[in-house]
Amino acid sequence: MYRYDEYDQAIVDARVAEFRDQVARRLNNEISEEAFKPLRLMNGLYLQLHAYMLRVAIPYGTLDSRQLRMLAHIARRYDRGYGHFTTRQNIQYNWIKLEETPDLLADLASVEMHAFQTSGNCIRNISSDQFAAAAADEIADPRPYAELLRQWSTLHPEFSFLPRKFKIAVTGSATDRAAIQLHDIGLQLVHGPGGEIGLKVLVGGGMGRTPMLAHVIREFLPVADYLGYMEAILRVYNRHGRRDNIYKARIKILVNDLGPAEFAAQVEAEWAQLKPLGLDPPPSELARIAAHFAPPVLAADAPVDIDLSNPEFANWVAVNTHPHKVPGHAIVTISLKAPGEIPGDASADQMDLIADLAQAHAGDEIRVTHAQNLVLPHVRRDALFTIWQALHAAGLATANLDRASDIISCPGLDYCTLANARSIPIAQKLAVRLARQEADLGELKIKISGCINGCGHHHAGHVGILGVDRKGEENYQLLLGGSGAEDASLARILGPGFDEDGIVAAVDKVIGRYMTLRAGPDERFLDTYRRVGAEPFKEAVYG
Amino acid sequence: MPRLLTGNRLETGDVIWWTGDGWSLHLNDAVAVDDGGEALIAQFSPQERINDLALIDVDPAPGGWRPRTTRERVRAVGPSVRPDFALPSLPVDAI
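Protein chains in written order, with the working numbering: chain A, 7 to 549; chain B, 1268 to 1362.
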């Protein structure tokens, strides 16, 4: 785990003090709401439908038990006893009071956390692979690279007022668990011709109103140069990105307008100008950061075989754990998607329990996934039963990872001022309806957004649902064929939309048709869709 | 069509409704402001104590009002998925 140095802590403490003063002045009417609003947004504080919402950054989705306990404390002390883990590995609190926010932020700062750059047209939280440092298939831990990006992008004076918000994801594996093709910049650690580690650079991906997959603009970038190269990308975007139209301001529009080759050429030219300035830190700095991420020492002789005679436990192990790179260990995904519950929500008590389990059994680490689940990355297999029992007692042992009831859902119109329709009730109904058959369905990723901004990643869903407004009433479009993984694709709208009951029935029909079309039990819905196209599903839904 | 004046309290973000002589958390305490709504917004805006002042369309309903849009019904009651937090403005299942 990275620990703040005196510079990191000083920056965060100063920001808390500054915001405390700004809040006091606003409450005393010394500054107007018009002047104050951008200041509170810079500190992650939105005004939503029912109250203020605070979005707290969780860099690359990594927490230790001390930090998760603080998130639980904040849920109890300042909210209504729960938090919502988001699709960018952050956490949101829905019932925050402005007058209490400075104290909340001071509590957060005491565990090296903050909420700034979780809003606004700046570089947002750097996201990463939730299996980092544990996955057997990774080249190297991506988080040191993400941490250096975090430090570089924090309060970067040149990039605090970009044309639009900017999201970066970093992964160390060819198996993409970080959706790098759907970010403004996606970075993938790769080997060079000599076996050295470098980065493949993708630019211009994104969801929202104009979904696009990213383009590779460099197949191999030496590690020593990557920060300067990021600076060059951001400079080209900052210079040429559109500021006249909010809907055309993301970097994907610029890359698309210029063409990836021309965009890459401009980045290379900018980089050539920057390189002599020596912006990149010395290798020792990256090494210093990387030392913080040394994985826990795991016993190589831990037993691989464990007692799986309890069928419910055995099923959970089969569905919700992954092989660890060290034999005798596992990566545990804790589902926050019990059918009928709110996707991504966790109570303070649940957070405390998971913190306890992480401290006792998982190298004191917890990860947040972009699919709104939590992960214990370093677990001995012979501790799995103890962990499962504790999770089971807390309603956290749902065995549904990447299955039909493991639904991504934004808060939607139940909380969000931008939303046109509710997302969560659709997720709840579908999860309850599909849970019984999901073992037979295999991998099926359903993703629901309550508006075109796409926080629920509907364009990356095998089955995507988009809530829209139709004369003040909720309506839902059905999309099929998306993926946010290494086989990324954008889902396409199947046909006219539905009301709340209609969309649930329509998904049922799509799944029913899939069951008759699939080549075998191992062919995923997505593969069947890609093989047969949309027409059979259109016929099933619309007749 | 009746119109109500609503906004969010600065200090807490709470949804509040104009009652004719003050503000209430409860939709059914609200009074219709109709053509006087813009004047009230002009009166309250400079005071800078209530955010996102807005006039919304409602229909009369047993015991009070029913906002015309789903968005405003959710604002009035609370998240439909957390009935434990619901205000008694409308039945949650009537959102």
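These aren't lab readings, by the way, just hints derived from the structure by calculation.
Quick reminder that beta carbons are idealized off the backbone N, C-alpha and C, glycines included.
Be aware that a few hints might be false.
Unchecked claim - Reference listing, derived: stretches of chain B covered by chain A, where coverage requires no fewer than 3 residues with Cβ under 8 Å from a Cβ of chain A: (1) 1285 to 1299; (2) 1302 to 1311; (3) 1329 to 1339; (4) 1346 to 1356.
Stated by the list, open to error - Below are the EDC-like pairs computed for lysine to aspartate or glutamate, each with C-alpha atoms no more than 16 Å apart in a straight line: (5) A:331 - A:545; (6) A:43 - B:1278; (7) A:435 - A:545; (8) A:515 - A:492; (9) A:206 - A:225; (10) A:435 - B:1360; (11) A:515 - A:541; (12) A:43 - B:1315; (13) A:477 - B:1281; (14) A:103 - B:1278; (15) A:43 - A:70; (16) A:435 - A:311; (17) A:515 - A:475; (18) A:281 - A:347; (19) A:206 - A:231; (20) A:103 - B:1324; (21) A:206 - A:144; (22) A:435 - A:541; (23) A:43 - B:1324; (24) A:477 - A:449; (25) A:254 - A:144.
Going down the list of hints, with the structure as the test:
Note: the stretch 1285 to 1299 of chain B has 0 residues with beta-carbon separation from chain A under 8 Å; the three-residue rule is not met and the coverage is violated. Check result for the stretch 1302 to 1311 of chain B against chain A: violated, 0 residues qualifying (beta carbon to beta carbon below 8 Å, three or more required). Residues of the stretch 1329 to 1339 of chain B lying with their CB closer than 8 Å to a CB of chain A number 4, which satisfies the three-residue condition for coverage. Coverage of the stretch 1346 to 1356 of chain B by chain A holds [criterion: at least 3 residues with CB-CB distance below 8 Å; count 5].
With a C-alpha separation of about 45 Å, the suggested pairing of residue 331 (chain A) with residue 545 (chain A) is violated against the 16 Å cut-off. Of the pairs offered as hints, the one joining residue 43 (chain A) and residue 1278 (chain B) holds, with about 13 Å between alpha carbons and a cut-off of 16 Å not exceeded. For the proposed pair residue 435 (chain A) and residue 545 (chain A), the alpha carbon gap of about 23 Å is over 16 Å, so the pair is violated. About 28 Å separates the Cα atoms of residue 515 (chain A) and residue 492 (chain A), which puts this hinted pair outside 16 Å; it is violated.
Distance hint between residue 206 (chain A) and residue 225 (chain A) is fulfilled; the C-alpha atoms sit about 5 Å from each other, no more than 16 Å. Only pairs whose Cα atoms come within 16 Å are accepted, and residue 435 (chain A) paired with residue 1360 (chain B) is accepted, the gap being roughly 14 Å. Annotation: proposed proximity of residue 515 (chain A) to residue 541 (chain A) holds, straight-line Cα distance about 13 Å (limit 16 Å). At most 16 Å may separate the alpha-carbon atoms for a hinted pair to count; residue 43 (chain A) and residue 1315 (chain B) meet this at roughly 12 Å.
For the hint linking residue 477 (chain A) to residue 1281 (chain B), the alpha-carbon distance of about 26 Å lies beyond 16 Å, and the restraint is violated. Between residue 103 (chain A) and residue 1278 (chain B) the alpha-carbon distance is near 6 Å, which keeps this suggested pair within the 16 Å criterion. Pair hint residue 43 (chain A) plus residue 70 (chain A) does not hold up; C-alpha atoms about 32 Å apart against a cutoff of 16 Å. The hinted pair formed by residue 435 (chain A) and residue 311 (chain A) fails the criterion: a straight-line CA distance of about 38 Å is larger than 16 Å.
Between residue 515 (chain A) and residue 475 (chain A), the direct Cα distance comes to roughly 24 Å. Violation of the 16 Å bound is thereby established for this hinted pair. Restraint check: the Cα-Cα separation between residue 281 (chain A) and residue 347 (chain A) comes to about 51 Å, which exceeds 16 Å; the hinted pair is violated. Pair hint residue 206 (chain A) plus residue 231 (chain A) holds up; C-alpha atoms about 12 Å apart against a cutoff of 16 Å. Proximity of residue 103 (chain A) to residue 1324 (chain B) is assessed by CA-CA distance (about 28 Å); at most 16 Å being required, the pair is judged violated.
Of the pairs offered as hints, the one joining residue 206 (chain A) and residue 144 (chain A) holds, with about 14 Å between alpha carbons and a cut-off of 16 Å not exceeded. Taken as a hint, the residue 435 (chain A) and residue 541 (chain A) pair is broken in the structure, with Cα atoms around 26 Å apart against an allowance of 16 Å. Distance restraint check for residue 43 (chain A) and residue 1324 (chain B): the Cα-Cα separation of roughly 27 Å exceeds the 16 Å cut-off, and the hinted pair is therefore not satisfied. This hinted pair does not check out: residue 477 (chain A) and residue 449 (chain A) have alpha carbons roughly 36 Å apart, beyond 16 Å.
Between residue 254 (chain A) and residue 144 (chain A) the alpha-carbon distance is near 35 Å, which puts this suggested pair outside the 16 Å criterion.
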